[in-house]
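Please model the complete structure; the sequences and the hints are all you need to start from.
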Amino acid sequence: MATIRFTLNGKPQTVDVAPEMPLLWVLRDTLGLTGTKFGCGMAICGACTVHVNGQSTRACSVQANYIAGKNVVTIEGLSADGTHPVQRAWIEKDVPQCGYCQSGQIMGAAAMLAKNSKPSDADIDEVMKFHICRCGTYQDIRAAIHRAAELQAKGGVG
Amino acid sequence: MNASRRGFLKSTSAGAAGLLLGFYLPERSELAAQTAATGTPAKVNAWVRIGTDDSVTLMIHKSEMGQGTVTSLSQLLAEELECDWKKVRTEFPPIDPAFGLQGVFGSQSIRSGWMPLRTAGAQARDLLVRAAADRWAIDKAECHAANGVISNTVNASKLTFGQVAEAASKLTPSANVPLKTPAQYKLIGKSMPRLDTKDKVTGATKFGIDVRVPGMVYAAVARCPVFGGKVVSFDATKAKAIAGVKDAVQISNGVAVIADNTWAAFAGAKALEIKWDEGPNAVFNSGAIRKSFTEQTMQPGASARKVGNGAIGLNTAAKKIDALYEAPFLAHAPMEPLNCVAHVRADGCDVWASTQMQTGIAGLAAQITGLPPNKITIHTQYLGGGFGRRAGTDYAGEALEIAKAIKVPVKVTWSREHDIQNGNYRPASVTRFAGGLDADGWPLVLTANIACPPMGGGGSFGGGRGGGVDSTSVEGIADLRYSIPHMQVDYHSVTGGVPTTYWRAVGYTQNTFFGESFVDELAVAGGKDPVEVRRRLLASTPRLLGVLNLAAEKAGWGKPLPAGHHHGVAVVNNIGSFTAQVAEVSVTAGKLKVHKVVCATDCGQVVNPAIVEQQIRSAIVFGLSAALKGELTIDGGRVQQSNFHQYDVARMDETPAVEVHIVPSTEAPGGMGEAGVPTIAPAICNAIFAATGKRVRRLPISATSLA
Ligand code: FES
Ligand code: FES
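Protein chains in written order, with the working numbering: chain W, 1 to 158; chain D, 1001 to 1707.
Hints may be right or wrong, so weigh each one.
[To be verified] Which residues of chain W face chain D? A few of them, derived with a C-beta cut under 8 Å, are:
no., residue
1, Phe38
2, Gly41
3, Glu76
4, Gln139
If you're looking for bench data, these hints aren't it; they were derived computationally from the structure. If you're wondering where the values come from, they're calculated on a predicted model, not measured in any experiment. In this text, a Cβ means the ideal position worked out from N, Cα and C, and glycines have one as well.
Right, here's the structure in full:
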């Protein structure tokens, strides 16, 4: 067991876990933050995407000790009340179906928009093709990302 | 739903696990949590609860797995209830005979709910209006309900639903409350935003896998890699050496590792050393399965359809063609891996599940625990996809067995590898066609010989069903709507040693690919345009003809396309709906690109057009995954693929632009969840033929070189 200190959704957090325990299970089982989802456990579906120091990161594939001293943001902390431009765009376009992949999709899209404020369809595909949605919301996601870019440009809450 | 909030902890010493753990005592009423928030919601009838604060809670007796039931079933209830849509919240109720069968499959929710839910809404409104009329001592005809408010047309005073709900709940419901005519609809037919969106973009939605109950332990199960195999003995020494692993328990289909987190449970399940009795299915492999199914199709089978006489048709045809079509085993792979939380006590049992089969789980729980049905509570959670996999109950059975053994609440989570390798599957199948044309090149005869394990068996292995026909295994061919003078369909119930079950669109998933491809072959053999041939053969099926014409028109069938682009078409009548798709593809140096799909659907009265369109886009992507690359192979009775790196699915960059056209209709609603799946594979493959002259007769398309 190791004591690991990091910042979680803007607040200091300490956990006592096996150092090799994946961040995903630290979040879900140890801390009860279940918004981050388990889909594959091997960094190929994107369901577990969070931000670590602002980078889109697959929580299933980084170990607890990797996040020591780092800044982790999950879907629960992306905005205080669901008003991040990506979330607003998702609501406007009614993107989710079952919704299970959407935390990861939103976190992936938000990290992309932080770097590329006006992505083309090809830019979007290049990032989002690593996020599986079995309900097939891809077309809606693409439209919502374009909309989120507009909202962000207008000075959306971020 | 926050399970912890509705119960309390009590310390106890747990049996098998030997731990000091709490257990959860649920309160019987699902309403307990609501009560504090809303005052005392009155149960106006089984479906409708209204709080003194005018909040309206609608009971959604069908699962929400993305198909929009929470929203569209609420629209049916609220339409007649005349409540304030902004005040609607929803709950998944426990099992109650008032709701009939609680489960979702076969795209039934809207179809089966169409009359009962509108009736329930109307009855509830009638009760509220009568309560108001009593209060005012006027006739109910002098009251008018709209938007959650009842108006007294005599003196213009008003009462809200919340003010009369308690009184209404004590009245006897009227038998025949008239329903609205379509012209009076305010909600039905409107694209109301989904009620579940907000929680799904903030991570707040609770799926089955997110349930946390005080005192809960985590489990993962090691199952025999060969289907139907049994544990002979096991050694858990290595598993128990893993930090967080507590115990290992044998259950009927494997060994469960109990741990204090999911990751340790997964690692523990992997570390178990188990001696298996693999049983009879260890002999199966994909090559032999294909060979034996193919051989079966050369023999006469059980008759699934006979129009005219196939042999006479083939003997008199001016031109004959034949073809052999194949489809592989497929996993459902919903994004949320299977899971279930169960708590079995001497005095009751609770199950929390993202399931398509609440009623089935309740029955299974009674069987496993020996408790009477009224001691069993099923807490339905949101589903992270189902696609038919969650219409089974195996995942709940395991959780119940483990919970019974360890006496504390347990969450069993399947890894993706478990999901891909220990599932129930869309069966592999082979169909042999022979067909012929008349002297003018029009189809005269179509015969099909189908070898397919039964699909409706819910995890059965198939084989030797005494010559009967499994209707789900022949649907899509036996019910082809074309008027062809001679049509004959035979069926063989075969087995591949793999348990099979429903998969979104069931038999149509492969049979529509087979049938619509072969009809295309007949069109080509007769030198005819594929749309023209279908038009002629569908003259007496106006709704299917209607969507064919609409899709062809909107896609610009027969008009010039961008260089290298080609069209293919397919139609289907399944689950009470009629659907046509035109796919636009190009094949460049052997590489397929699906650019666009135009889909026309006639699904009768539409409750929520935006959700219908969403379901079509969803179905096309789901069908696309199977068409492009979905394939499980079997070796030694084992599934060889294990995760998405070997069982890949359609990604954003492979997804075509989808355009949906809905035919306006006041016919009874058809199903939607499965309507768009069947036609995508044949539409694409027919377009591939137009582009390359290559006929894809085996899925996935990746198995055929297009170069
Ligand atoms: S669960 Fe992490 S990428 Fe799939
Ligand atoms: S919305 Fe269901 S998996 Fe994406």
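Hint by hint, here is what the structure shows:
1. Of the supplied interface hints, the one on W:Phe38 holds, with its beta-carbon coming within about 7 Å of a beta-carbon of chain D, less than 8 Å.
2. Proximity of W:Gly41 to chain D holds as hinted, the smallest CB-CB distance being about 6 Å (cut-off 8 Å).
3. Here the hint on W:Glu76 is kept, as its CB sits about 5 Å from the closest CB of chain D, short of 8 Å.
4. The restraint placing W:Gln139 at the interface with chain D holds, with a minimum CB-CB distance near 6 Å, inside the 8 Å limit.
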